[in-house]
Every structure is written in structure tokens, then in C-alpha cells.
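Participant: Chains as they are written, first to last, in the UniProt record's numbering: chain E, 1 to 301; chain B, 1 to 320; chain H, 1 to 531.
Just to be clear, a hint being listed does not mean it is correct.
As the list claims (entries may be wrong) - Once the Cα atoms are required to be at most 20 Å apart in a straight line, the calculated EDC-like pairs of lysine to aspartate or glutamate come out as:
| id | chain 1 | residue 1 | chain 2 | residue 2 |
| --- | --- | --- | --- | --- |
| 1 | H | K450 | B | D183 |
| 2 | H | K449 | B | D46 |
| 3 | H | K449 | B | E48 |
| 4 | H | K493 | H | D465 |
| 5 | H | K206 | B | E176 |
| 6 | H | K264 | H | D494 |
| 7 | H | K206 | B | D46 |
| 8 | H | K206 | B | E48 |
| 9 | H | K295 | E | D122 |
| 10 | H | K258 | E | E64 |
| 11 | H | K493 | H | D383 |
| 12 | H | K493 | H | D378 |
| 13 | H | K301 | H | D514 |
| 14 | B | K7 | E | D122 |
| 15 | H | K326 | E | D55 |
| 16 | H | K301 | H | D319 |
| 17 | H | K450 | B | D46 |
| 18 | H | K326 | H | E286 |
Stated by the list, open to error - Label pairs and their in silico Cβ distance ranges:
| id | chain 1 | residue 1 | chain 2 | residue 2 | range |
| --- | --- | --- | --- | --- | --- |
| 19 | B | V126 | E | F31 | 55 to 61 Å |
| 20 | E | L221 | B | V126 | 27 to 33 Å |
| 21 | B | R51 | H | K493 | 35 to 41 Å |
| 22 | H | E225 | E | F31 | 44 to 50 Å |
| 23 | B | R186 | E | W268 | 39 to 45 Å |
| 24 | B | V126 | E | L276 | 21 to 27 Å |
| 25 | E | G65 | H | L470 | 54 to 60 Å |
| 26 | H | E284 | E | I147 | 43 to 49 Å |
| 27 | B | Y219 | E | L221 | 46 to 52 Å |
Please keep in mind that the hints were generated in silico from the structure rather than gathered at the bench.
Because the structure is a prediction, the values reported are computed rather than measured.
Each residue gets a CB set at the ideal place from its N, CA and C atoms; glycine is no exception.
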Amino acid sequence: MKEFIKRSEGLWLFTRSPAVMIAAVIAILIFIGAAFAPWIASVNPYDLGSFSLMDGLLPPIWQEGGISQFMLGTDDQGRDMISSILYGARLSLLIGLSAMAIATVLGVGLGLAAGFYGGRFDAIIMRIADIQLALPAILTALLIDGIARGILPPEVQQDLRVVVLTLAIALSLWVNFARTARASTFVEMNKEYVQAAIIMGQGPIRIMFIHILPNILGPLLVIMTVDLASAILLEATLSFLGIGLAADSPSLGTLIRIGMQFMLSGEWWILWIPTLFLVALVVSINTLGDFMRDVFNPGLR
Amino acid sequence: MFYFIYKRLIQSVFVMLAVAFLAFSLFRFVGDPITQMTGVETSVVDQERLREELGLNDPFISQFGRFTVDMLQGDFGYSFRTRQPVAEMIASRIPATLELGVVALLISLVVGIPAGVYTALRPRGVITQTILITTLIGISIPTFVIGIMLIFLFGVQLGWLPTFGRGETVNIGFWESSFFSIDGWRALILPAVTLGVYQLTLTMRLVRAQMMDVMRSDYIRFATARGVPMRQLYFRHALANTMVPVITIIGLQFGGVIAFSIVTESVFQWPGMGLLFLESIRFVDIPVMGVYLVVIAFFFVVVNLLVDLLYVAIDPRLRV
Amino acid sequence: MKKRSLRHSALLSSVLVSLAAGVSATGASAETFRWASNTDPQTMDPHAVNSAPVLSFLNNVYEGLVRRGEAMAIEPSLATSWEPLVGQNGWRFHLRENVTFQNGAAFTAEDVLFSYQRASSEAADVRSWFAPVADVTVVDDYTIDFVTTAPNPLFPDSIANFMILDKGWAEKNNAVLPASDAENFATMNVNGTGPFVLSSRDPGVKTVLKPYSGWWDTATHNVTEAVFTPIGNPATGIAALLSGEIDFIQPIPLQDAKQVESRKGFKILEGEETRVIMFGFGHEHEKLLYSSDVKDANPFKDPRVRLAASHAINMASIDRVLFRGKIEAASQLVPAGISGYSEKNAARHEYDPKRAKELLAEAGYPNGFSFGLKCTNDRYINDEALCRAAASMLSAVGLKAKLSTGPVRDYWTQLRADDFDMYLLGWSPGTFDMEHPIRFLLHSQDDAKKLGSWNFGNYSNARVDELLPLIQQEINPTNRQNLIDEVVSITQKDAAYIPLYTQPLIWATKENVDMTQRADNFFLLRWVTVN
């Protein structure tokens with residue numbers, strides 16, 4: 001009953017807030033565009049044979065020299081900007097969502113367990129979290145990237161860069177989840193229903209996942225949205241520092257990194273169109289995150 | 001109390017050792033220092049000899065052991081690239097990074113707290129909405145793009161502020177400071193704003209959330225009912241109550257600011273530790289990378305320790 | 001209490017000093033010249049590291065027996081003349097008299113001998129320059145002989161960057177050998193004979209030079225103080241130039257040249273480096289490492305496949321789009337103008353995708369095959385973009401390149417470990433002669449003789465190996481050129497490498513600064529005039 005009220009209340013709130021609705025529409029459009037990129041985009045920017053250097057540096061259609069084949073222009077390789085952005089968003093979202101999923105599972109699992117068992121186990125998990133926090137994300141990325149290069153056979157390394165990058169980002173995000181889950185678990189542990197379940201002899205896994213987890217979903221969901229946004233940005237930053245994805249299979253971040261070279265040269269669209277796109281995506285996700293926080297935490301309204 | 005501190009200290013040492021170990025193990029994958037240290041004409045035989053001399057052919061564990069033992073004895077080694085003592089190199093860069101971090105944090109507090117209070121008290125105002133949207137966009141643009149945009153706007157187009165470096169610095173003993181010259185302050189503004197944007201948004205949101213929570217609490221309602229003036233209520237009672245969690249979180253974030261200054265320092269050619277670290281990655285300068293990581297871990301550990309102690313000071317129940 | 005007030009006043013005075021400094025900095029005289037480059041010279045020791053940023057910077061402070069002029073030709077410096085030895089192999093150098101080091105010590109043959117011993121020691125990275133040297137003998141205070149193991153017509157050319165230190169200074173300051181583990185005095189301090197002295201140094205941040213009043217040559221520059229700052233991020237560097245904080249930057253990204261030029265008060269210096277960018281192959285690999293279809297053979301062993309790759313590259317488009325028309329296509333491993341350049345083989349394989357497909361079919365790969373292409377992304381101008389474009393062009397004829405790009409810091413290690421099918425390489429001939437790339441890139445790998453050390457794919461041709469020593473010892477220029485022409489012709493037909501273009505050189509300065517852009521990308525303050 002309580003859940004139902006919360007949900008319908010959320011729905012009601014949603015219809016009352018134009019900003020949130022716009023954000024939702026933008027996010028959904030980008031998600032659809034990314035998911036169906038292979039069917040929407042006119043060329044496959046990852047297929048080197050499908051575009052030609054001859055078409056390089058064409059401006060968007062509204063600027064002199066633009067042609068209708070490339071509505072938003074082309075980059076220095078002759079790749080259609082729209083197609084690059086759709087595929088780039090696809091890759092960014094894939095990395096962001098997977099990193100977030102891994103971080104959630106890892107962080108929540110460890111956090112729950114730490115909160116439930118407490119004591120030495122808790123101390124160990126929290127020290128590992130400290131170590132993780134003390135290693136900036138760029139270093140985690142370098143580390144994982146390096147290890148992967150050390151142990152994987154050469155022909156799969158290029159294909160696995162996405163996996164490596166995802167893992168690196170996931171590892172730098174899990175601590176948030178773990179800390180939140182742990183703190184919430186401590187609170188829940190003192191409540192009667194959990195104490196009752198323990199006295200009744202229910203197994204720890206059951207108590208953690210059936211009783212505690214549903215009650216801390218709210219804050220976790222908020223962190224998930226915020227972290228999806230930061231995962232996408234982190235990927236862009238890593239790319240800027242030179243440990244991101246290769247330029248022939250660009251994510252949004254890689255497109256921005258490539259575009260930085262053209263900031264001054266007059267080809268503004270190579271930088272600013274992907275940047276605008278990224279900002280629209282991240283702002284929408286963050287707005288939805290804020291909205292969810294408001295729903296789950298009515299005190300902030 | 002003493003037992004608590006003692007326990008935390010032991011844990012901190014463990015964290016630092018673990019960071020050092022992880023850091024050290026990653027260096028083997030960053031690249032080959034030898035090809036970065038020698039010219040194209042250096043023969044393979046000479047390269048191998050140098051590798052042997054630097055102990056790079058030793059097993060990993062003995063390299064790490066040597067690194068740790070030397071470091072515990074206060075010997076931080078010499079840079080592969082410049083041959084300078086690493087301790088000196090890092091120490092000379094610490095002031096730049098700390099000053100940048102502190103000013104960024106100050107900006108985030110000085111702007112973030114009032115903005116947080118305002119948006120909490122007038123949740124539906126136009127200004128509130130504008131602030132919220134602006135900060136949201138602010139944290140949605142990658143830091144390096146913000147930095148370059150600021151440089152081109154204020155450095156190149158308007159010509160108001162320097163585009164790189166620290167400007168004039170003044171030596172106070174070993175500490176090289178930007179705080180004592182106008183030029184130094186001018187050089188600080190853009191990088192500090194770039195680095196502070198994210199913290200600012202975080203602080204503002206935190207203050208806003210805490211403020212709204214506190215305003216709804218029974219104690220404030222009671223005070224309102226008793227007729228305490230609104231202004232006094234907001235600032236003496238409500239705000240004061242929000243400060244403890246805010247300061248804690250900000251303290252914890254400071255370590256993050258120091259680590260994240262890598263990107264800002266690279267964009268502004270700010271001669272701090274982060275820039276040194278990026279350069280040492282580029283040239284596979286293993287000793288510098290190692291010590292940098294341990295120093296960063298040290299900052300984290302110290303800040304964490306202080307925050308924990310703050311908790312103990314506030315909440316006597318933890319003093320067991 | 002007393003202590004405290006003392007500290008206060010110290011603080012106060014430092015504030016005042018800094019304010020004064022701030023004022024004087026803005027009103028600095030016109031001849032303070034500020035410049036930036038992307039890399040800081042890592043040491044001030046001229047023998048410790050054989051790298052362009054160090055040698056270029058130190059050429060302002062130290063000098064060699066010979067030096068390179070504006071057009072790269074060698075000219076007298078600390079030696080006034082030199083001639084081949086009579087009766088044995090080697091060269092005699094006559095030294096300049098009345099030259100003093102910056103600390104006031106006189107320059108004599110003893111300093112040259114000492115510098116030779118220092119630069120050829122195991123701790124010196126430049127020792128490879130002296131591999132042909134058997135002995136050095138001081139004849140008198142101003143005459144010195146370099147005895148070589150074989151005739152070596154190019155020896156004076158090869159030591160233009162061999163810089164002379166003062167023996168007494170080095171001995172007094174414990175800097176007899178270049179620093180090998182810890183730093184020594186010469187890492188941070190200089191004492192040369194050159195036109196500038198080091199006035200302050202903060203590694204990675206700022207280095208200041210001042211003119212040396214006792215320089216033996218006539219100073220033609222008008223710089224009274226020169227401040228160098230490394231700026232790693234290209235956009236930041238351009239911003240610093242456009243905002244007027246620096247007077248000169250080298251290099252700048254190609255695509256920004258137009259923008260800088262269009263602004264009032266700035267100009268671009270364009271030229272060509274001596275570096276040729278090329279693709280190399282894994283000649284001796286038994287099979288491809290990165291292929292998804294041909295797993296048990298290495299098609300690149302077949303010269304027809306390599307030729308096909310060469311015909312697939314459209315240099316005209318690469319030039320127009322990626323390099324804004326600023327590059328010169330290359331036909332061989334050195335650009336025109338370098339001694340030994342083969343005029344007879346100046347035509348490069350033309351862009352002909354049809355011919356490429358035919359060649360592939362002849363070689364037994366009518367549908368092409370996939371393979372790995374390795375490239376750097378931070379070593380050469382537009383290296384990553386070039387490789388993406390090339391991969392796309394190769395794919396168009398059926399050579400499906402799987403591109404992998406990475407920073408240079410672990411690139412050479414991968415190449416040395418034979419971890420490639422095809423790779424990108426840039427080569428600048430250190431001696432400005434064709435013999436250099438033949439020795440390093442075309443001769444088969446031979447660690448004992450220190451030959452072919454950058455021939456990663458181990459291209460091996462018995463005739464080329466035979467020709468190299470002949471070229472090295474031939475004194476007669478015509479005969480020598482014939483020998484070189486033969487090497488270039490063989491390797492061109494074999495498509496041992498695919499030479500692409502000469503790397504362009506783009507510097508940017510304020511309009512009122514005159515300087516010389518030398519083809520080795522060295523920037524020398526003695527050619528700077530601020531108007």
C-alpha cells in the first residue's frame with residue numbers, strides 16, 4: 001500500500017514538472033537513438049570502408065558548403081557526424097550502464113554484507129573501500145588496462161578495450177554504493193522486523209535480500225542515476241587523458257577528445273555537436289536522478 | 001579514545017602499504033622506461049645494461065620490497081627522467097596543488113553554502129530554478145572542456161586573466177605561494193573555478209538537502225511556534241545544524257579534489273603534483289609515479305582520520 | 001612574541017617585493033623573450049640524454065667543435081677547421097683560440113679530450129656517436145686528432161651535437177661522468193662556451209637564460225632575457241600565444257595555423273622537418289598476429305602484397321584533408337635535400353586502387369585479408385588521424401586493417417617484441433645523410449654490430465647488407481651516390497617500407513619576432529630578433 005502511494009504520487013509529481021518531462025523525453029530519445037543506431041544511422045562509423053577521407057571536414061547543412069547527405073557535417077575522416085554521435089552514444093551508454101550495473105552489484109553486495117556482519121568483515125571491506133578511494137579513477141583505469149594487456153592475447157585486446165574501460169569505471173564507482181548500502185543496513189538492522197527475522201532463525205542471505213534490500217532501494221536508485229552520469233563523464237575524461245577508447249570506434253567522450261583538436265580551426269561542429277549531445281544526455285539523467293530523489297525523499301520537496 | 005586513534009593509525013598504514021603495492025604493480029604495465037630514457041641511436045646492448053643497472057630486471061617482489069624499505073627509511077629515490085631526488089620534486093609541487101585545491105574548495109563553500117540555503121528557503125523561485133539548472137549543466141560538461149572554454153573566454157577573447165601557469169610566486173621558506181601577489185591570484189582564478197565547479201554543485205545540493213530536512217524537524221517547528229525570529233532561525237539554528245555533515249563530506253571530498261586536479265593542472269599547465277604525475281606517466285618515470293601515489297594516499301588517510309576524530313568529538317558514544 | 005612579529009615583517013616585505021615584482025613583470029622590456037614548447041628538456045647535461053628537446057635547448061648554452069647553420073650545413077664553431085688525418089683513418093681538428101667558458105676558464109684541447117671521454121663513457125646516452133672512434137689524441141693545446149677504425153667521411157657531420165664541457169669545472173663539481181642514478185652538478189648547472197648562460201631553472205616549470213657577454217662569436221640576436229616554459233596541452237599553448245603571454249611556440253597543431261595567421265600580430269613559420277613518416281611490415285613473421293581470416297601465413301612476406309598496400313594510399317587526400325596541404329609526399333626514407341637522397345628514385349608508388357587489387361589477386365588474396373595495424377597517438381603530428389585514414393584506404397582495396405593506437409611510451413616495446421603485422425614509424429636521419437636510415441632501418445638486424453636496430457620487421461636483403469659498409473667508407477661522392485641509388489631502388493621495388501611524407505614543421509610567433517626555423521626542429525635563440 002505504502003509503495004503504491006509512493007509510486008502514484010511520483011507519477012503525479014512527474015506530470016506536474018515540465019523540466020522533468022522534457023528531461024525524460026530527451027533521455028528516452030537518446031536511448032532509442034543509441035539502441036537502434038545500426039538501423040537509424042546512414043553509415044557505420046566503425047566500418048572503415050564505409051566512408052571516405054574525400055568527404056572530410058564538411059560543415060553542417062545550414063552552413064555554406066554543407067550537403068544534405070551529411071546533415072550535421074563530417075569529421076576529419078569523412079565520417080557522418082550524426083552516425084558517429086548515435087554510435088558514440090550507444091557505446092557511452094553501454095559503458096555507463098554496464099559500469100553502473102557492475103558497481104551496483106559489487107557495491108551493494110559488499111555493503112549489505114559489511115552492514116549485516118559488521119565487525120572484522122566490515123572493517124576489511126571498508127579498508128578496501130579506502131584503498132579504492134585513495135586511487136584516483138585514472139589510475140584504476142591505467143592499472144586494469146595494463147593488466148589486461150599483460151594477460152590477454154594480442155588479437156582480442158582491441159576488442160576488449162570496452163570491457164577493460166567499463167571495469168575500470170565500475171571499480172571507481174562501487175565504493176559509493178557500498179557505503180550507502182552499509183549505512184542503510186546499519187539503520188535497518190536495529191529495526192524490530194530485522195531483529196525478529198534474526199530471532200526466527202532466517203538465513204543471512206534471505207534477511208539481506210528479502211528484508212533489507214527493498215528498504216534501501218530508494219537511495220540506491222538515486223546513486224545509480226547520478227553514477228550513470230558520472231560514468232559517462234569519467235569515460236570522456238579518461239579519453240582526454242589518453243586512456244580511453246581508440247579513435248576508430250569512438251564513444252561520445254572520444255568524439256569530444258578528437259573534436260578538441262578542431263576547437264580553433266573553424267570546424268566547430270566536430271567538437272560542439274557531440275559536446276552538446278553529451279551535455280543534453282547527462283543533464284537529462286541528472287534531472288531524472290533529482291526527481292527520483294524527491295520522490296523517495298519527500299522532505300526535499 | 002587513544003585506542004581508537006591507535007587502531008585507525010594501524011589501519012591507515014595498512015591502506016598506504018596496499019596503495020603502494022597496487023601502484024607499484026601497475027607500473028610494469030605503463031610502458032618501458034628505458035626506451036623513454038634513451039635516444040634512438042642507443043644500442044640494444046646499452047639499453048639492456050641500463051635496465052640491469054636500474055634493477056628493472058629483478059623480480060617484481062624484490063623491486064617492491066626495495067621501494068618500500070627505501071621509502072620507510074626516508075629515501076624516495078631518484079627520477080629516471082631528470083635524475084633529481086623524487087622527494088624534492090614532489091615537495092616542490094605540493095604547494096601549487098594544495099593552494100589550488102584549497103581555493104577551489106573555498107570557492108565551492110563561499111558560493112555553494114549561500115546558494116544551498118537560498119534554494120532551500122525559496123524552493124520555487126525563478127532564481128532557484130536558474131541556479132539549479134546552471135549548476136546541473138556545469139557538472140554535465142567534462143572538466144577539460146570547461147577549462148579550455150574559460151581560457152579562451154577570459155584569457156584570449158577578453159584578455160583579463162592569464163591562460164597558464166602560476167604567475168608570480170613568493171617563497172615563504174620552502175613554500176612557494178601564489179597568495180602574496182596580485183599576479184598569483186589572477187593566475188589562480190580560472191583553474192580554481194574549473195576545479196571548484198563540481199564541488200560547488202555538490203556543496204550546494206548537500207546544504208540544500210540538509211537545510212530542508214532540518215527545517216522540517218520538530219525542533220525547528222517548536223522554535224517557530226515559540227516565536228523565534230525567522231532570520232535567527234535560519235542562520236543560527238537551521239544552518240548551524242546542517243554544518244556538521246556538510247563539513248564532514250567536504251573534508252572527505254578534499255582528497256578527491258587533490259586527486260582530480262590532474263585534469264585541471266594539465267589544462268592550465270599548473271605546476272602541481274598532478275601535472276608532474278601526468279608527465280611521469282608519459283615518460284614512464286616509475287619512482288615519481290610511485291611516490292606521487294603514496295602521497296595522494298597519505299592525504300586521503302589523514303583527511304579520513306581527521307573526519308573520524310571529528311565524529312568522535314561530536315558523538316561521545318563512539319569514545320568507547 | 002618577538003619571533004612572531006619578525007615573521008610578520010618578513011611576510012609583509014615579501015608581499016611588497018612580490019607586488020613590485022608583479023609591476024615590473026608587466027612592464028618588462030621588449031627584449032625579454034618568452035617561449036614555449038611541448039616538452040621540457042629533462043636535464044642540463046649535454047651527454048646524459050640523446051633527445052631532441054635536450055640537445056636543442058642546450059645548443060643555446062654549449063657548443064661543439066662544429067655547428068649547423070641555418071640551412072643545416074656544418075660550419076666552424078669551437079674548431080676553426082678540420083681535415084682528414086694523413087697515414088691513418090680519422091680527422092684532425094684545429095681549435096679556436098681565446099675562447100672562454102662561462103666561468104672564465106680557457107678552452108683548450110684538454111677540454112675536448114675530456115668531453116670525448118665523458119660523452120663516450122657507459123653512463124652517456126650519446127656514446128653511439130663515437131662508436132667509429134678508436135682513439136683521441138691531443139697534439140697541442142689547439143689541435144686534436146680523432147682516429148677512427150675505418151675511413152669515415154661523415155664523422156665531422158655526426159658530431160655537430162657533441163658539446164664541450166670545461167674539464168676543470170666538471171672535476172671540481174664531481175660531474176666527471178653524466179649522472180647515472182642520482183643527479184649531479186651538471187644536471188642542473190651549466191658551463192658552456194655558447195651565447196647564453198643559465199640564469200635559473202625550475203624543471204618542468206620555467207627555465208631562464210641570459211646572454212653570455214664573453215661569447216667568442218658576434219651576437220646577432222637582441223634578446224636580453226629568455227624565459228622558457230613547457231606547455232603540454234596544445235590548446236593551452238595556442239591560448240598563451242594569442243593572449244600575448246608568450247612570444248613564440250613550437251610546434252603548433254596544423255589545423256590551428258590558419259586561425260593564428262588570421263589574427264593580427266601573429267605569424268606562422270612553416271617548413272619541413274627531416275623526419276619521414278612511413279609504414280613498416282613484419283617481414284620475418286611466419287604468420288599474422290591480428291588476422292581473423294589468414295591465420296597460418298604472413299601475406300606481407302610477398303612484395304606484391306606490400307606494393308598493393310603502397311598503391312592503396314591516397315596521399316593527395318591525406319594532404320588536403322588531414323594536413324591542410326602542408327605536407328610533401330615521400331618516395332624514400334629521407335626527404336629531398338638530405339645528402340644521399342636518390343634523385344633517380346624520386347617517384348613514389350602512385351595511388352592506384354585497381355592496381356592494388358590486381359596485385360593482391362596475383363598474390364593469391366583476391367578478397368584481401370584482415371591484419372593488425374599499430375600506430376602511436378602522441379608521437380607524430382596527426383599520427384592517429386593518419387592511421388585511421390590509411391586503414392580506411394587499405395580496407396577499400398581489401399586490406400582490412402584492424403587499427404590499434406596507443407601512446408609512444410609502450411609502443412617501441414611492442415615493436416621490439418614483434419607484436420605487430422604492420423606499423424607506423426617516423427625517422428629523422430641523425431646525421432642528415434641517407435646512410436643513417438640504411439644503417440638503422442634497412443640493414444638486417446644485427447645486435448653485435450649494432451646494425452638494423454630499428455628494423456623491427458627485420459627486412460633483410462643480402463645486397464643491401466653488402467652495400468652499407470661500402471657506402472660508409474666511400475669517399476668519392478659520385479660512387480657513393482651510385483651505391484645509395486642501388487639501395488633505394490632495391491628497397492623501393494621490394495616495398496620494404498611505404499614512405500608517406502615528410503613531417504611538416506609549424507611554429508607560431510608574434511609578428512614582431514624574427515627567427516630561423518631549422519629543419520631539425522631545433523630552435524636557437526642566437527637567431528632571434530625582437531623588433
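Participant: Could you run down the list of hints and mark each one as holding or not?
Facilitator: Hint-by-hint comparison with the structure:
no.: 1; hint: K450(H) with D183(B); result: 53 Å, violated
no.: 2; hint: K449(H) with D46(B); result: 13 Å, holds
no.: 3; hint: K449(H) with E48(B); result: 15 Å, holds
no.: 4; hint: K493(H) with D465(H); result: 16 Å, holds
no.: 5; hint: K206(H) with E176(B); result: 14 Å, holds
no.: 6; hint: K264(H) with D494(H); result: 50 Å, violated
no.: 7; hint: K206(H) with D46(B); result: 32 Å, violated
no.: 8; hint: K206(H) with E48(B); result: 33 Å, violated
no.: 9; hint: K295(H) with D122(E); result: 51 Å, violated
no.: 10; hint: K258(H) with E64(E); result: 18 Å, holds
no.: 11; hint: K493(H) with D383(H); result: 26 Å, violated
no.: 12; hint: K493(H) with D378(H); result: 31 Å, violated
no.: 13; hint: K301(H) with D514(H); result: 50 Å, violated
no.: 14; hint: K7(B) with D122(E); result: 14 Å, holds
no.: 15; hint: K326(H) with D55(E); result: 19 Å, holds
no.: 16; hint: K301(H) with D319(H); result: 29 Å, violated
no.: 17; hint: K450(H) with D46(B); result: 10 Å, holds
no.: 18; hint: K326(H) with E286(H); result: 39 Å, violated
no.: 19; hint: V126(B) with F31(E): 55 to 61 Å; result: 31 Å, violated
no.: 20; hint: L221(E) with V126(B): 27 to 33 Å; result: 29 Å, holds
no.: 21; hint: R51(B) with K493(H): 35 to 41 Å; result: 39 Å, holds
no.: 22; hint: E225(H) with F31(E): 44 to 50 Å; result: 59 Å, violated
no.: 23; hint: R186(B) with W268(E): 39 to 45 Å; result: 29 Å, violated
no.: 24; hint: V126(B) with L276(E): 21 to 27 Å; result: 25 Å, holds
no.: 25; hint: G65(E) with L470(H): 54 to 60 Å; result: 55 Å, holds
no.: 26; hint: E284(H) with I147(E): 43 to 49 Å; result: 30 Å, violated
no.: 27; hint: Y219(B) with L221(E): 46 to 52 Å; result: 30 Å, violated
Consistency with the previously given hints fails for numbers 1, 6, 7, 8, 9, 11, 12, 13, 16, 18, 19, 22, 23, 26, 27, ordered from lowest to highest.
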